[in-house]
Amino acid sequence: MSSPAAAANVRHHFENAEQQKDASTIGMWIFLVTELMFFGGLFMAYFVYRQAYPDAFASASNKTDLLIGAFNTTVLICSSLTMALAVNAAAVGKKALLIMFLVATLLLGSAFLGVKTYEYHDKWVHHEIPGQHFECEGCKDSGHASLFFSLYFAMTGLHASHMIIGAGYLIFLIIQAKKGKFTPAWHTPVEMFGLYWHFIDIVWIFLFPLLYLIDRVHK
Amino acid sequence: MITATHPVETKKNYLNAEEGLKSWLLTSDHKRIAILYLISVTFFFALGGMYAALIRLELATPAGDLVESNVYNKFFTMHGVIMVFFFLIPSIPAVLGNFFLPMMIGAKDLAFPKINLLSWYIYMVGGVFTLYVLLSGGVDTGWTFYTPFSTSYSNGYVIAAGLGIFINGFSAILTGLNFIVTVHRMRAPGMTWFRMPLFVWAHYATSMIQILGTPVIAVTLFLLVLERGLHIGFFDPAYGGDPVLYQHLFWFYSHPAVYIMILPSMGVVTEIITTFCSKKPFGYTFIAFSSVAIAVFGFLVWGHHLFVSSQSIYAGLVFSVLSYIVAIPSAIKVFNWTATMYKGSVRLETPMLYAIGFIGLFTVGGLTGLFLASLGMNVHLTDTYFVIAHFHYVMVGGAIMGFMGGIHYWWPKMFGRMYSQVWSKVAAIIIFTGFNLTFFPQFILGYMGMPRRYHAYPAEWQVLNVLSSAGASILGLGYLIAIIYLLYSLKFGAIAPPNPWGATTLEWMTDSPPIAENFEVTPVITQEVYTYSAEEVLHVV
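If you read the sequences in order, they're chains A and B.
Heads up: the first sequence begins at 261 in the numbering used here, then just goes up one per residue.
Heads up: the second sequence begins at 7 in the numbering used here, then just goes up one per residue.
Note that these hints are calculated values from the structure, not bench results.
All of these numbers come straight from a predicted model, not from anything done at the bench.
Keep in mind that a hint or two might mislead.
Unchecked claim - Below, a list of computed lysine-lysine pairs in the BS3-like style, where the Cα atoms sit at most 27 angstroms apart:
hint, chain 1, residue 1, chain 2, residue 2
1, A, Lys438, B, Lys497
2, B, Lys431, B, Lys497
3, A, Lys439, B, Lys431
4, B, Lys28, B, Lys349
5, A, Lys323, A, Lys400
6, B, Lys497, B, Lys349
7, B, Lys120, A, Lys281
8, A, Lys323, A, Lys281
9, B, Lys17, B, Lys497
10, A, Lys441, B, Lys431
11, A, Lys383, A, Lys441
12, A, Lys281, A, Lys355
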């Protein structure tokens, strides 16, 4: 750890730490663009079908649990906050704080996934899983209502799988942080993971109104 | 001292810097990864070619007598899947782009060497899925996997095939991501954007398509697998879905994918033509921006695959016009190549033969694309052999000609050996002849109404079909000769000098084969790209 290049973990093919950092940042943003296109295909399918079968979608989306959805949204936004604080803690070199915030992010993420599992189970119990045994009590046009649930499971499922991958990487980051790998000069993985985590949050910020809020009927 | 016992020590290069299989499988050197890709794509090319041979063998006689229609369906599906996803898409970017893009901009490696290696492993995993499909009984949907046949009726291994392509997609995404970051952040001092070789511009545009398009096919196949595997409906009308949505999502990627295949080839051809004319390419900025324009417009034309799929005629009209617009940047390139050759001192070395072949064949392929982009004509030609002939002129006549040209152009740099000049020219001419004999009759067959994807046809079309099958065997012979003399050259070829063709781009300024980090010292660029001799500069002025 004598030279600045060594402190910043500069790999052999880069000229300096700045170039390496820039490359990682651009790379991460481009990766997020690909993620955007990945989810984009699903959003497109959602818009097309919502437009084509508004009644079926409206009645089916009223089946979702608004309270649980809102709670989970809050949990996820809080996890974004703790992640942002973790990045900041890494940047100023506060190791204990970094670990604390990473653990908090992991816990909040796990809470989200736990609640999501409960929601899925609830759908299972009510036969709201598309397929042979699909039932949708009180739904208009139940043939197309099942499309809503197809999209619901595909979109939230893909989102959840991103959360699971994120949670796995968080564990890795926590171990690395404990070993003291991150310094103010080099904490790129924490920063890049922060971008990823915020991205998943933003996807949910769009999923929540699309799946839970539009055409909500107050009971 | 080791040098004392070995007075004639060979200079270290990327090939012998480390020894052993492990040093290859765990390498992070972009040049070695390119070689890994070269071996793998050649394998898949041979495999896809085998299916092509079986198809042409069946079509040599009017009766469906070699295989049953069901097996024939599997032949053309496997041919399409392997050639498109496992050969054409990775061929030039992952082999030649991987090897030369960093060298051309004076970098030591791509920005993310480990991700580069990861992309190869992902490609191989996707390939294993495809091999599994092949060995377990194949898939019969056509490479387009149209629903609801693929999700509800097909007896083939749709899920495994879909997952193979899904996984393979990430390898293309990672390669594209790596290239974009490398071009942005790894250029040597003085290597401004407009000093980059046009090969790099072509790859930059290709990478844009890869990162924006590939995720969409990935998610589409993900939905396809869910529908087939778990009966969660998206596209099948039986589940309330719309099969046309599948076609939109599929072609939103798969039309731009055509440009993933052809743009790198155009980059290769530009390099070859400028080198073998010893002349600056005519209209550098036009060629550079036409690559970008093709990438952009390429995303706006997918609807021309749905002219007869219940798409509204007004949408059809717009897509038709937009498809015509793509012809403009493509034509700009053809004109610029021709203008570069005009009054140049053209040397007809093997790579140049391929490049000239490319211009002619791509022009035919491009112009017949205009036939298909016009609404009325398209109704007559949809799903006929005219379409097959058109896209093979672009894919084989374009993309593979470019790949072969590029391999011959850079072979001395990659392996430090020269191949036989005579045999390589013979093979190039055989390939050109065989190609035209294979696919030109198909234009006529298609125009007369022969539909694609059938294993039998009326007897009056036999002459043209036999010509096509004969051409295919000539084409195959050409590739075989090429593989033989190229492999032979690895051991017995003459030692290649650093710059055998008198090229000006950076990759020729280092050893053949290059050292592990490409350059002894990071090059500093002080002049424009493609500056030939002083006389040349004066001549141009």
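How the hints compare with the structure:
no.	hint	in the structure
1	A:Lys438 x B:Lys497	violated (53 angstroms)
2	B:Lys431 x B:Lys497	holds (20 angstroms)
3	A:Lys439 x B:Lys431	violated (61 angstroms)
4	B:Lys28 x B:Lys349	violated (51 angstroms)
5	A:Lys323 x A:Lys400	holds (12 angstroms)
6	B:Lys497 x B:Lys349	violated (38 angstroms)
7	B:Lys120 x A:Lys281	holds (16 angstroms)
8	A:Lys323 x A:Lys281	violated (46 angstroms)
9	B:Lys17 x B:Lys497	holds (17 angstroms)
10	A:Lys441 x B:Lys431	violated (57 angstroms)
11	A:Lys383 x A:Lys441	violated (43 angstroms)
12	A:Lys281 x A:Lys355	holds (21 angstroms)
Of the numbered hints stated above, those contradicted by the structure are hints 1, 3, 4, 6, 8, 10 and 11, listed in ascending order.
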